[in-house]
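A.B. asks: Each chain, written out:
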Amino acid sequence: MAAEPAALPSLLQPIRRRLALAVLCQAVSALLNIAPFLAVAELARVLLADGPVDRDRAWTVTALAGACLLVRLLFLVTASVVSHLAENDLQLSIRRLLVGRLDRVPLGWFSGRGAGAVKKAVQDDVHALHHLVAHSLLELTAAVIVPLSTLAYLFWVDWRMALITMIPLVLGIGLFGRTGAAFKKNLPALDAAMTDINGAAVEFVQGIAVVKTFGQTRRAHRRYAEAADRFASFFRGWVDSLVTPRALSEIVLSAPTMLFTVLLGGTALITTGRTAPEDLVPFALLAVGITTPVLTISFAEEEVRAAKAAADRIGAVLATDELPLPERPATAGPGAVTFEGVGFSHDGEHRVLDGVELILAPGTTTALVGPSGAGKSTLASLLPRFWDPDEGTIRVGGTDLRDLAPEEIYRRMSFVFQDVRLLRDTVRANLLIARPDATDEEVEDAARRARIHDRITELPRGYDSVVGEDARFSGGEAQRLSIARAMLADTPVLVLDEATAYADPESEAAVQDALSELTRGRTLLVIAHRLSTVKDADQIVVLDGGRVVERGTHDELLALRGTYAGMWQAHERSTVWRPGSPSQSTADDPTGSDTLAGDTTGSDTLAGGTTAGDGTTAGAAPRPAIEEAV
Amino acid sequence: MLRQLMAVVGPAERRLLRTVLALQVLGAVLQAVAFVLIVPVLERLLGDEPEDAWPWVWALAAAALAQSVVHYLATKGGFKAGAALSKVLHNRIGDHVSALPLGWFGPTRTGELSNLTTQSVMGIMRVPGYLFRPLISGLLTPAAVVLLMFAFDWRLALAAACTAPFIALVLRWSTGRTATADRLRAEAMTEGANRVIEYAENQPVLRAFPGSRAAGGNRLDEALSAQRDAGRQVMVAGVPGQVGFTLTVQAAFTVILVYGTYLALGGSLDVPELLALLVLAARFVEPMAEAANLGSALRSTRAALGRVQRLLDEKPLPEPEHPIRPSGADIEFEAVEFSYDDGRTVLEDVGFRIPERTMTALIGPSGSGKTTIARLIARFWDVTSGAVRVGGVDVRDLPTEDLMSRISVVFQDVYLFEGTIEDNIRAGRPDATDAEVRRAAEQARVDEIAERLPGGWSAQVGAGGAALSGGERQRISIARALLKDAPIVLLDEATASLDPENERAVQHALSELTRDRTLLVIAHRLQTVLAADQILVLDEGRIVQRGTHRELIAQQGRYADFWAERSRSRGWRLSRTPVAG
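Chains as they are written, first to last, in the numbering used here: chain A, 1202 to 1831; chain B, -3 to 577.
Because the hints were derived from the structure by calculation, they are not lab data. Some clues are possibly wrong.
Heads up, simulated DSS-like pairs for lysine-lysine below, C-alpha to C-alpha not over 30 Å straight-line [as the list claims (entries may be wrong)]: (1) A:Lys1509 / A:Lys1385; (2) A:Lys1321 / A:Lys1386; (3) B:Lys72 / A:Lys1386; (4) A:Lys1509 / B:Lys76.
Restraint-style ranges between C-beta atoms, simulated for each label pair [said to hold, decoys possible]: (5) B:Asp337 / A:Asp1601: 56 to 62 Å; (6) A:Glu1718 / B:Thr544: 32 to 38 Å; (7) A:Ser1675 / B:Arg321: 20 to 26 Å; (8) B:Gly451 / A:Gln1770: 27 to 33 Å.
In this text, a Cβ means the ideal position worked out from N, Cα and C, and glycines have one as well.
I would like the entire structure built from these sequences, with the hints used as guidance.
C.D. replies: What follows is the structure, encoded as structure tokens:
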């Protein structure tokens, strides 16, 4: 038990008193643990005394021994119950503390880690404290109190015998120190070997489909097998260096060794008349008890180490910076959302956004376009304050976003993401997230307008069905639920990821209908992927490398013959590919039109019309010229 | 536990484990002998002739020394067995997993197998080194002590023996009591973990809407509180067991103490003998208490062994005894029926033929069985009834390597190995020349990716490597398939929208890949469907329509609906605001 890390004492603060009580009870129980043996030693004196036996005294001592055992049990259980209960409460309070902190850290904290890591911090790391708090503290108490009090008593009985008894104890503890040092020295290597084999196993499983279909099963397996062999041989070498000191220390501290030492010394001293025979009894009884707690502590070494590392990790999470909330929140007037010289970087080095100027005038549609990695999503995610900009200001109706209360932001803006997440809760609760005080009628109306009401009423418990239990939604259905959410929020500003409209080929049309309904009349910021979808936007903003490189309407931008015009050309051409057609080098086919609806060129051709069937079928296909909301 | 352990290891390890076990048994008996030798030593020391104790002291020394030697050998053997276990378990798991059908590898398998190869194996490795000794000495030492006590005083020995069944009963009772609570806690912990994961995954939504903090937060907090309560229950359930066990063990000692005092006061037992036996009785209870503390370690080891056993029980795909060589690259499904192990039927009476060098498109709603059809060709699973034939031969009569050499699979979840771009492409055909690798890379426009990355062709990709976009990963996987140059291509078209630049590159690469091949494509794009020689419309595991686009569009039915719907959505765009109505 070396010095504890700084994180641990402050984590333990709330249960300090209860832990102190538990330690006290444990100390009393440790002391009482010796009592019955003292009683037997006393009984020896009574029975071995010259003259008639004092029967009453013999029985009193015996009864006392029994009583001490009972009282000891009481204290032992109290100590254990108190420390376990305290630890139990501690887990909850640390978890709440962690969640409370995570509620306020920048969203980037999550995306940099993944849900598995969050679960590890909140669940596994907190759980790892269990042994340290609930057991080790008490074991340590016993390991200190029992040998010390026993030795004190034994010295009082016979100091020469006590000295002899101490020989294996001192030897054993010294050997343990050496084992511990060897153990610790190799821990990083052990961790590395574990990580190695873990990585090989993960790669083995994740790549298995590729590995098998390419007939390389043996190759990936070999990598894993090599990692397994390395691990086994490392472990062999590691335990080889450990096994001798460890076995020796165990032997020195073992019960037979202690008994032999005591009886050898006792016989020598008694036969030479230096010690009274009855004084040997307490040594024979108590010597073994001195070393047992030392062994117990050494066995728990690994758990304690894990607990300390976990406490450090918890401490690190609790020390994460929060997004600051305004002390005196302002309210925003009506008006545009403006980005003024906004710059942002995730890591402080690589700039994702640089000097972005942007005005979202009320009631207009603004589309963000640009290659992947241009900063479109990052720009949009500054609006719900997933992050704060490093430079510049975002204003809503003239007020800095950072001066608005979170509730005020929610009243102004809502969001439809491409990656829909539903909570494992009732359908109703999932919708009410947007506006907790909405009535059932309002909820159903929003669902109806999002084209999802009928699907919900078909569920066994309708709106009270639980997502993931008796309500399972396809991708497109989940998207319509998220659209219903935004309908319910009914905010003047809406941020939308356009990919939503295409993410589920099976129900594209329904999702699109819902989106058309949702976006009507709102100030819209769209992260655009498919250029044709946002062709009609009031303002198209082209981002590249975090900067606004072009802005204007579709026609204005085409006339510029710049980045946008190039993207538009690529977009048009990319839609004409067909697999398995030997005659066609499609990427170079200049005749393809953008969409089947022929909305750019007015052409009705489906795909460049190079095979005979196409021309005919184009005519046979229903003309898909349904322009939403126009 | 021992039986479980022996079942998952080989004969060499079994021998090693038996040796360690035998040594531990010997050690426990020697320890009991050493304990019992206290009695004659003390008897003489406390009696009139202390000098007579010497021979017994030396006997004790011999016993302690023998026990030490045995302990040393057993510890060494235990650790050695641990290392051997790690090797044999890792190898057996690896061998077995690589023989399992691809269908076994779902998304949860990664976490499962990484837990298995680290935590579970580590847990099992500890058994011979850490668990054998306390367990064996906890059982054997007290039993041997009681037996040997009969040699000194049968009455006290009998009294001690009488307490044994009580101790066993209490142990059994307390384990039973905690088992239910343990299970409930495990459930509460799983629920808590799931809520935490939900909380983390839903952060964007939770932060973007006002009501979510209450909703999501509450569910999480409820789960965390429930977890605390369940933890309490485990403790409450465990306390009587703990009290009961300690009480019984103490009672055993007290019975011997009181009965012995009674006998000594009555004069029928020598005082030195009584004292010696009391010292012995103290030794009798300690190993049992130590063994009782191992309950949770035992439970988790059993669970780990169970997990390994379950994995090894998974059935691998049988390899054909008399392999047949296929001719050609056509694909045929004959009355194929397929259900998962849990009885869910995915395909029913599916029959079709894909002639060599033609293209077949599969369409249908999600869950209709499209992916399953593609996977049955690659023998992810075997059919429940009917047959899948490649080149006229049932895939079950083809050796796996032979079948796989004929198929290129380009699915949506692209996996890249840890290694360079070049390594990843070369995986398609390890004996390809550098020029061939470059050519495949150029065809899939991977050269553009290599130019962009700092390390060029030797840039590290895959786990821990450079972050590549979905489109870029797909291009590498297509290059891999191009290099492999298999006559059959199974393709799952991407649903997610790629940026125009990637979309073009991917499509160009696919055109190269699919030229002159037998092609089965899970189609999402209308152009793909149009180009197909044959379209199969699936619904709920059955083929409901089949034919060319021209034939199908003329009929009323699924396909016409599909076409209308998809065509309509293709032209959708966001409206210019503001709009009327």
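A.B. asks: Each hint: holds or not?
C.D. replies: Results of checking the hints against the structure:
no., hint, verdict
1, A:Lys1509 / A:Lys1385, "14 Å, holds"
2, A:Lys1321 / A:Lys1386, "26 Å, holds"
3, B:Lys72 / A:Lys1386, "20 Å, holds"
4, A:Lys1509 / B:Lys76, "29 Å, holds"
5, B:Asp337 / A:Asp1601: 56 to 62 Å, "58 Å, holds"
6, A:Glu1718 / B:Thr544: 32 to 38 Å, "37 Å, holds"
7, A:Ser1675 / B:Arg321: 20 to 26 Å, "43 Å, violated"
8, B:Gly451 / A:Gln1770: 27 to 33 Å, "31 Å, holds"
The structure shown violates just one earlier hint, number 7.
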